[in-house]
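Full structure from sequences and hints, please.
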Amino acid sequence: MSAAEDSMIHATRRDVLKGGAVLTVGMLLPAVGVSANDTNVAKAGTFVPNAFVRIAEDNTVTVLSKHVEMGQGAYTGLATIVAEELDADWSQIRVEGAPADAKLYNNLAFGPFQGTGGSTAIANSYDQLKNAGATARAMLVTAAANRWKVPANEITIAAGVVQHKSGKSARFGELVADAAKLPAPTEVKPKDPSAYNRIGKSAPRVDSKAKSTGKAIFTQDLKLPGMLTAVVAHPPRFGGKVKSFDASKAKEIKGVKSVVAFETPARSGVAVVATDFWTAKKGRDALTIEWDESNAFNQSSDEMLKEYRALTKKPGDIAKQEGDVEKAFAAAARTFEATYEFPYLAHATMEPMNCVVQIGQGTCEVWNGEQFQTADQMAIAKMLGIAPKDVKINQLFAGGSFGRRANPAGDYLVETVAIAKAIGTSDPVKLVWTREEDMRAGYYRPMYVHWLKAGVDAQGKIVAWQHRIVGQSITRGTLFDNKSKIDFTSVEGAQNLPYHIPNLLVDLHTTEPKVPVLWWRSVGSTHTAFSTECFLDDIARETKQDPYALRRSLLEKHPRHLAVLDLVAEKSGWKKKRAADEIYGLALHESFNTVVGQVAKLKKTPNGPKLVSVVCAVDCGIAVNPNIIAMQMESGIGYGLSAALMGAVTFKKGQVEQGNFDDYPVLRINEMPAVETHIVPSRNKPTGVGEPGTPVIAPALANALAQVDGKPIHALPLSAHGVKLA
Numbered sequence: 001m002s003a004a005e006d007s008m009i010h011a012t013r014r015d016v017l018k019g020g021a022v023l024t025v026g027m028l029l030p031a032v033g034v035s036a037n038d039t040n041v042a043k044a045g046t047f048v049p050n051a052f053v054r055i056a057e058d059n060t061v062t063v064l065s066k067h068v069e070m071g072q073g074a075y076t077g078l079a080t081i082v083a084e085e086l087d088a089d090w091s092q093i094r095v096e097g098a099p100a101d102a103k104l105y106n107n108l109a110f111g112p113f114q115g116t117g118g119s120t121a122i123a124n125s126y127d128q129l130k131n132a133g134a135t136a137r138a139m140l141v142t143a144a145a146n147r148w149k150v151p152a153n154e155i156t157i158a159a160g161v162v163q164h165k166s167g168k169s170a171r172f173g174e175l176v177a178d179a180a181k182l183p184a185p186t187e188v189k190p191k192d193p194s195a196y197n198r199i200g201k202s203a204p205r206v207d208s209k210a211k212s213t214g215k216a217i218f219t220q221d222l223k224l225p226g227m228l229t230a231v232v233a234h235p236p237r238f239g240g241k242v243k244s245f246d247a248s249k250a251k252e253i254k255g256v257k258s259v260v261a262f263e264t265p266a267r268s269g270v271a272v273v274a275t276d277f278w279t280a281k282k283g284r285d286a287l288t289i290e291w292d293e294s295n296a297f298n299q300s301s302d303e304m305l306k307e308y309r310a311l312t313k314k315p316g317d318i319a320k321q322e323g324d325v326e327k328a329f330a331a332a333a334r335t336f337e338a339t340y341e342f343p344y345l346a347h348a349t350m351e352p353m354n355c356v357v358q359i360g361q362g363t364c365e366v367w368n369g370e371q372f373q374t375a376d377q378m379a380i381a382k383m384l385g386i387a388p389k390d391v392k393i394n395q396l397f398a399g400g401s402f403g404r405r406a407n408p409a410g411d412y413l414v415e416t417v418a419i420a421k422a423i424g425t426s427d428p429v430k431l432v433w434t435r436e437e438d439m440r441a442g443y444y445r446p447m448y449v450h451w452l453k454a455g456v457d458a459q460g461k462i463v464a465w466q467h468r469i470v471g472q473s474i475t476r477g478t479l480f481d482n483k484s485k486i487d488f489t490s491v492e493g494a495q496n497l498p499y500h501i502p503n504l505l506v507d508l509h510t511t512e513p514k515v516p517v518l519w520w521r522s523v524g525s526t527h528t529a530f531s532t533e534c535f536l537d538d539i540a541r542e543t544k545q546d547p548y549a550l551r552r553s554l555l556e557k558h559p560r561h562l563a564v565l566d567l568v569a570e571k572s573g574w575k576k577k578r579a580a581d582e583i584y585g586l587a588l589h590e591s592f593n594t595v596v597g598q599v600a601k602l603k604k605t606p607n608g609p610k611l612v613s614v615v616c617a618v619d620c621g622i623a624v625n626p627n628i629i630a631m632q633m634e635s636g637i638g639y640g641l642s643a644a645l646m647g648a649v650t651f652k653k654g655q656v657e658q659g660n661f662d663d664y665p666v667l668r669i670n671e672m673p674a675v676e677t678h679i680v681p682s683r684n685k686p687t688g689v690g691e692p693g694t695p696v697i698a699p700a701l702a703n704a705l706a707q708v709d710g711k712p713i714h715a716l717p718l719s720a721h722g723v724k725l726a
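Sequence positions in the sequence shown follow this note's numbering and run 1 to 726.
Simulated from the structure, these hints should not be mistaken for laboratory data. Zero decoy hints are in this set.
Computed cross-link-like contacts, DSSO-like style, restricted to lysine-lysine with a CA-CA straight-line distance of at most 30 angstroms:
1. K149 x K191
2. K389 x K223
3. K514 x K652
4. K392 x K209
5. K685 x K320
6. K453 x K306
7. K103 x K483
8. K251 x K421
9. K181 x K103
10. K243 x K382
11. K282 x K251
12. K571 x K610
13. K382 x K281
14. K389 x K483
15. K453 x K557
16. K281 x K421
17. K281 x K243
18. K421 x K254
19. K544 x K571
20. K215 x K281
21. K576 x K724
22. K313 x K483
Structure follows, in C-alpha cells:
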C-alpha cells in the first residue's frame, strides 16, 4: 500500500468521525479485492433489497453481518451464503458489521435478541441469508427482464453478470437503480443444495488481508477526536468495594485528567482517566487505595475443592433419569467409579477487555468488538436511565472472545459508561483493561467436580451409568435464567449422552461462591466431554475392550455420531498395526448440534510422550466453507490444548494467583501439533463449528496418556504428565 493510499484511509477515518457518523468496519476496512481507497460508504442509487444485502453502482455487494467477527470466520461464512444465492463473483463481496437492532438482526436461535454465541452464526443465519440473497437476485433479474423486454426465466447470472441468451448482459451495478424501484417479492425460491457452486468450496477469508496488513480496526486501534483513556484498579478480591483512596500522586502526572471511584452491579473500582493508555496506567499504579473487604470472597481453591468433593457423596437435583440405576448396579457383574476435577479457566483473549463510549443528551454511542448487542444496550440504558434504542453500538472486530464478550451483565461496557458518567464528560472514553486486570477481575469458566459410576454385565456391556456434577451456574440471575434448578450449561454433554445405556441418572449440585463465571468456549462440554470420554476409556481398559469398538456398540441410535466415529477411526488408521512407540487416544462428543471425533497421536520418546498430531472428523451439516471449518477445528484444538495442558485459575484467600501469560501460559504456534480435518458429507442444514472442536482434544489426549503407564487421568490440567509438544 502506498503512503498516499495510507494517508487517504486515515483522512477518511477522521472525516467520518468528525461528522458523528456511524463508524462501521466497512467504512474503514478493505475487504477481499477492494483497493485501499474503497471505503464502502453508501452512495445514491444503492440497491438495498433487505436488511442484509446492499448492492452499489460500483458493482460491490455488501453483506451486513449481525454477528461479530472475532476470528471464527463468521463474516466469510455469511458472505458465502449470499454470494451463492446471487451468483456473485467473490471479488465483489464486502462485509460490514450490522447496527444494533434486535428487530432486524435478532439471533433466531436466541429469540428477540441480537448476539453471537453458541456457534449459531451460520446455523441461525443460513435460511435467512439464502432468502436475502435470493430476493436480491430475483429483483436484479426482474430489472434486467424489464429493461430488455424478455421473460425473466430466460435470464441467468454467473460470476456477477446478468445475461440473456440474446447476448445482452449487465453487471449488478448497472441494474441497481432499476432494481431499487421494484417491490420486493413476497416469496422467493433459494437454490437447492444440488445446484450450489460456491457453498461447499473453500474461499479466501474476507478479513485476512486487512488483518495481515494492519488495516483491520479493533477497539484497541480506535482513536476519536478528544478521546480519553481510562485504566482501572479493581478490588483484589471479588465483592470488595472502595473504602477510600488517595489520588494525589496520580494527579501530579502530566496528562492525568480525572481520578474517580465508580460502582456497577458487577464491581467497584477506581479509574484514572488520562490522555493516553500509558499515562493512565502510571496514574493507576500511583494510587493508594483502601478496600472494604467485609463481604468479599476469601476462599482458597483447596477449600472449595474439599466442599465440592463432599457434595459428590450426596444426591443432587435430577437432570435426567432413565430406567433404574440402583437396581441395575445391584445386578451388575462389575461396577466402576471415578471422580474428575476441573479448575476455573480464564478466557485469556489476545485483546483484553476494552470499549469506547460517548455519552450524549439522552444517548450513548459505543464502539466495540460487540458480541451481545441487545444485552449490552439494556445494561447501558439501565445505568444511564435512557431507552435501549438510544444506545447506538458500532460493531468492530474483536480480538477473540471465547464467550468473554458475551456477558449478559455487559460488565466492562457498563464500567466504561459509569466512568464517563462519573467524570461528567461528553468526550469519548476508552476503557482498557491491562492483562492483569483481565485475568484477575474477569469472569471464568466455573470450577467443577464430577463423580461417575458405571455397571457392566458379564459380557462387559454397560448397563448402568450415574453422573453427578458439582459447580456454579452460569445462567442463574441473568437474562438466560429459566428459573429451573438445573442450569443446562452445567449438564450439557452429560444430559444428552449419545451412548445407549438402559439405566441412566444425571444429577447436579449448583454451588454459589462469589466468583463471577461465564460461558467459556464450548461451555458445559469443556468438562462433561472429558469426564464421560475418559470414564468410557477406563471401562474399556478394565474390561479389555477396544475403545473404538466399545463406543461403536453404544451408538446404534445415533447415526451421525457413528459416521464421525468411523471416519476418524479410518483416517487415523486406528485399526492398523502401530509401531511400538505409537499411542493413540480417541474421544467423541457432540456440542452445539455438531459431532466431533478426534484421535490424538503420541510418540514415546526418551524425554516423555510427545503429541505429534491430531486427526479430527466433524459432522456440521452442509460445509459452507470447508477451509473455515478446518480452521475452526484447528483453533478449537489449540485452545483446548492450552487449557488441557496448562490452564488453571486458582485462588489463595480469595485472590486470583495468576496475572499474565507467565503464570497462565497459552499454547504457542511452534507447539501446535499437526491437525488433519475430515468433514462428513451432508445435505443437512449447517450447524456450528466455532466451539465443538475444543472439548474433544483433552479427553483424546488423556486417553492416550493413560496408556503410557496404565493409570487413568482424572484431573485437569495435565501439566504433571510431562507431555512434549511439536
